[in-house]
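Just so you know, the sequences run in chain order B and X.
Residues in the first sequence are numbered consecutively from 371, following the working numbering.
Residues in the second sequence are numbered consecutively from 479, following the working numbering.
These are calculated hints, taken from the structure and not from any lab test.
Mixed in with the good hints there might be a few duds.
As the list claims (entries may be wrong) - Cross-link-like lysine to aspartate or glutamate pairs, in silico, EDC-like; alpha carbons within 16 Å at most:
(1) B/427 <-> X/761
(2) B/427 <-> X/609
(3) B/442 <-> X/865
(4) X/775 <-> B/454
(5) B/383 <-> X/868
(6) X/673 <-> X/612
(7) B/462 <-> X/612
(8) B/472 <-> B/445
(9) B/511 <-> X/868
(10) X/775 <-> B/432
(11) B/442 <-> B/432
(12) X/860 <-> B/432
(13) B/472 <-> B/454
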Amino acid sequence: MIECKNLTKIFNKNKNDEHIALKNINLSFNKGEVVVLKGASGSGKSTLLALIAALSKPNDGEVIVNEKRISKMPDNFTSLFRRENIGFIFQKYNLIPTLSVKDNIILPLIPSNPDEKLLENDVDKILEKFSINSKKHMIVKQLSGGEQQRVAISRALINNPKIIIADEPTANLDAKLSIDFINIIEQLKNSSTTIIIATHDPLFFDLNFVDRIIELKNGEVI
Amino acid sequence: MNINHFMIGFAINSILRRGVKSFFTLFIFTVLIFLLSSILFISNSIKTELGLTLKSLPEIIVQKIQAGRHTNIELKRVDKLLEFHGVKSAVPRIWGYYYFERAGVNFSVVGIDAFDKQYKESFEQITENFDFDELNQDSSMVVGEGVKKVLSDNYYKDYFNFIKPDGELEKITIAATFKSSTSLESNDIIIMPKKMVLKIFGMNEKKATDIILSVANPEEIPTIVEKIKNLYPDTRVITQNDLRVSYQNIFDYKSGMFLALFIVSAFTFFMIVYDKASGLSSEEKKEIGILKAIGWKIDDILKEKFYEAFIISFIAFLSAIILALFFVYTLEAPILRDIFTGYSRLKPDFSLPFVFDFQTVALLFFLTIPLYIAAIIIPSWKVASMDADEVMR
Chain B
371 MIECKNLTKI
381 FNKNKNDEHI
391 ALKNINLSFN
401 KGEVVVLKGA
411 SGSGKSTLLA
421 LIAALSKPND
431 GEVIVNEKRI
441 SKMPDNFTSL
451 FRRENIGFIF
461 QKYNLIPTLS
471 VKDNIILPLI
481 PSNPDEKLLE
491 NDVDKILEKF
501 SINSKKHMIV
511 KQLSGGEQQR
521 VAISRALINN
531 PKIIIADEPT
541 ANLDAKLSID
551 FINIIEQLKN
561 SSTTIIIATH
571 DPLFFDLNFV
581 DRIIELKNGE
591 VI
Chain X
479 MNINHFMIGF
489 AINSILRRGV
499 KSFFTLFIFT
509 VLIFLLSSIL
519 FISNSIKTEL
529 GLTLKSLPEI
539 IVQKIQAGRH
549 TNIELKRVDK
559 LLEFHGVKSA
569 VPRIWGYYYF
579 ERAGVNFSVV
589 GIDAFDKQYK
599 ESFEQITENF
609 DFDELNQDSS
619 MVVGEGVKKV
629 LSDNYYKDYF
639 NFIKPDGELE
649 KITIAATFKS
659 STSLESNDII
669 IMPKKMVLKI
679 FGMNEKKATD
689 IILSVANPEE
699 IPTIVEKIKN
709 LYPDTRVITQ
719 NDLRVSYQNI
729 FDYKSGMFLA
739 LFIVSAFTFF
749 MIVYDKASGL
759 SSEEKKEIGI
769 LKAIGWKIDD
779 ILKEKFYEAF
789 IISFIAFLSA
799 IILALFFVYT
809 LEAPILRDIF
819 TGYSRLKPDF
829 SLPFVFDFQT
839 VALLFFLTIP
849 LYIAAIIIPS
859 WKVASMDADE
869 VMR
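Take the sequences, apply the hints, and build the full model.
Printed below as a string of structure tokens:
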């Protein structure tokens with residue numbers, strides 16, 4: 371389903387502070403698979419996720435998703451591709467702190483001008499699923515870290531994506547909330563969603579529903 | 479067209495979320511458009527007023543000059559002037575300025591007689607409406623609206639005591655007020671029978687202040703002027719064109735000052751636009767990065783930014799225009815108007831005529847709103863064109 375061919379990403383190329391983040395990565399991810407990318411900070415996990423989600427373009431190589439060369443697509447197509455296929459859960463949540471919970475969750479759907487009633491229904495369902503329905507109209511910055519992360523997950527799932535990408539999802543959570551998150555991922559696995567998680571949290575390394583663990587070091591798969 | 483209510487809602491939300499910043503932008507934008515539009519409205523009003531005033535001026539004015547100064551002219555010259563080919567009429571005018579010390583204003587006192595051919599349309603109407611013999615017998619006058627107001631403010635509701643050159647008082651009753659086509663023209667005028675004007679100013683009955691001529695063919699004016707100068711070397715002949723140039727010079731000088739004010743306001747506006755165009759805050763950049771990351775296309779982001787900029791600039795524009803209309807035409811543009819009308823400070827106040835020039839409003843609209851929208855859209859486009867990952871970093 372997802373293929374990374376000879377992926378190379380260099381930041382500040384040809385400048386004094388040039389940094390090779392990924393070197394010639396070749397990987398593939400199957401439909402419904404849960405894959406954990408592990409490695410120390412700066413190993414290239416986040417960069418790889420950004421390339422798979424077409425948030426940035428590789429200097430060399432390509433990313434193919436469902437036979438579409440997304441790394442070669444023009445900007446507007448990659449945005450549309452993300453909207454229709456990918457739910458991204460960021461390490462720092464990347465919510466808009468001054469918007470309400472509901473307004474943050476519906477953000478990915480706004481450009482498609484959805485039907486108001488159906489949207490309201492979808493939002494209520496997802497809020498209930500993550501037990502934050504009482505916080506629907508609260509401003510996000512007033513929520514706890516765990517609640518904010520559930521809002522971020524809800525936003526990632528509102529468009530029923532086929533691929534979920536999570537970057538250090540438990541980095542800002544305590545042990546209990548981390549386990550809650552793992553339970554959510556397990557539920558998603560059952561709906562045959564492809565899930566790629568970049569983490570160095572040991573909690574993820576012994577989970578029985580994780581299909582593969584890939585380790586990165588200095589931008590290379592080891 | 480399918481309007482995306484969610485997008486508009488998000489744009490309104492964005493404006494409200496940046497409360498202080500949005501309010502400040504709205505305030506500055508409103509003040510600048512208000513200043514620009516007020517200047518244009520005042521300028522348009524005075525231009526219209528001036529145009530009407532010029533139209534009502536006589537074609538030729540003949541004045542007698544003695545020792546380099548204007549002095550009264552003999553009435554017998556009227557018949558001589560009428561003998562010139564091309565002169566349609568010659569009317570002696572009796573008029574002068576009366577300084578009302580208590581109010582610190584000058585009134586233009588004009589004497590007319592019902593049987594004379596009137597050189598102004600407004601005077602024609604007055605002679606039709608009032609019996610001048612009766613005005614003479616009753617010692618009455620007809621005053622412009624501005625005069626009426628000044629007199630009322632100084633306890634002269636029904637009459638006025640003119641002080642004659644010999645120091646004696648001449649009590650004249652206010653018979654009525656009149657309104658001419660232009661307030662610049664009519665506002666400071668007092669009209670009364672000629673005999674009474676002669677009495678108030680202590681003038682010789684066989685003399686007039688000046689003589690005005692109308693001609694059959696305006697092309698002949700230069701020839702007639704030359705003939706008058708040849709016959710009466712002690713005269714100064716002023717044509718309508720001379721007056722037009724003189725009025726226009728005053729107007730141009732004043733509008734030069736307004737232009738300076740206009741340029742300062744416009745410059746400030748462009749500085750703000752430039753500041754906006756030169757970049758976005760880190761918070762705004764990050765927000766664009768987030769929107770891109772969750773699937774917004776560049777044109778979705780630009781559409782949202784367009785709504786934001788349009789809402790702010792349109793509200794500011796509309797408020798500024800309404801405020802300017804109120805300021806100029808209801809409050810009579812205090813302070814700003816003085817720049818233009820300072821030269822007539824000794825005359826009673828006049829009202830700015832309401833002139834709503836759609837072209838002026840359209841000019842302001844196209845000079846400000848698209849510029850502001852562009853100043854918002856361009857930096858947003860620059861950020862939205864970058865990789866979402868790079869923007870969020």
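- Message: What's the verdict on residue 511 of chain B and residue 868 of chain X, does the C-alpha distance respect the 16 Å limit or exceed it?
- Response: Roughly 24 Å separates the two Cα atoms, so the pair is violated.
- Restraint check for residue 673 of chain X with residue 612 of chain X, where alpha carbons must lie at most 16 Å apart: Given that 16 Å is the threshold and the Cα spacing comes to 13 Å, the pair holds.
- Task: For the pair we were handed, residue 427 of chain B and residue 609 of chain X, check the Cα-Cα distance against 16 Å.
- Result: violated, 94 Å
- Query: Does the alpha-carbon distance linking residue 775 of chain X and residue 454 of chain B stay inside the 16 Å limit?
  - Reply: holds, 12 Å
- Is the hinted pair residue 775 of chain X and residue 432 of chain B satisfied, with a Cα-Cα distance of at most 16 Å? Measuring from Cα to Cα gives roughly 21 Å; hence the hint is violated.
- Regarding the pair residue 442 of chain B and residue 865 of chain X, is the alpha-carbon distance no greater than 16 Å? holds, 13 Å
- For the pair supplied as a hint, residue 462 of chain B and residue 612 of chain X, confirm whether the alpha-carbon distance does not exceed 16 Å. The given pair, whose Cα atoms are some 94 Å apart, is violated under the 16 Å limit.
- Query: Between residue 472 of chain B and residue 445 of chain B, is the straight-line Cα distance small enough, at 16 Å or below?
  - Reply: violated, 27 Å
- Item | Pairwise hint evaluation, residue 868 of chain X against residue 383 of chain B, where the allowed Cα distance is 16 Å at most | holds, 14 Å
- Message: With the threshold set at 16 Å, check whether the alpha-carbon distance from residue 860 of chain X to residue 432 of chain B stays at or below it.
- Response: violated, 25 Å
- Between residue 442 of chain B and residue 432 of chain B, is the straight-line Cα distance small enough, at 16 Å or below? holds, 7 Å
- Message: Checking one constraint from the list: CA of residue 427 of chain B to CA of residue 761 of chain X, max 16 Å. Satisfied?
- Response: violated, 23 Å
Violation of the numbered hints given earlier is confined to hints 1, 2, 7, 8, 9, 10, 12, 13; the remaining hints are satisfied by the structure.
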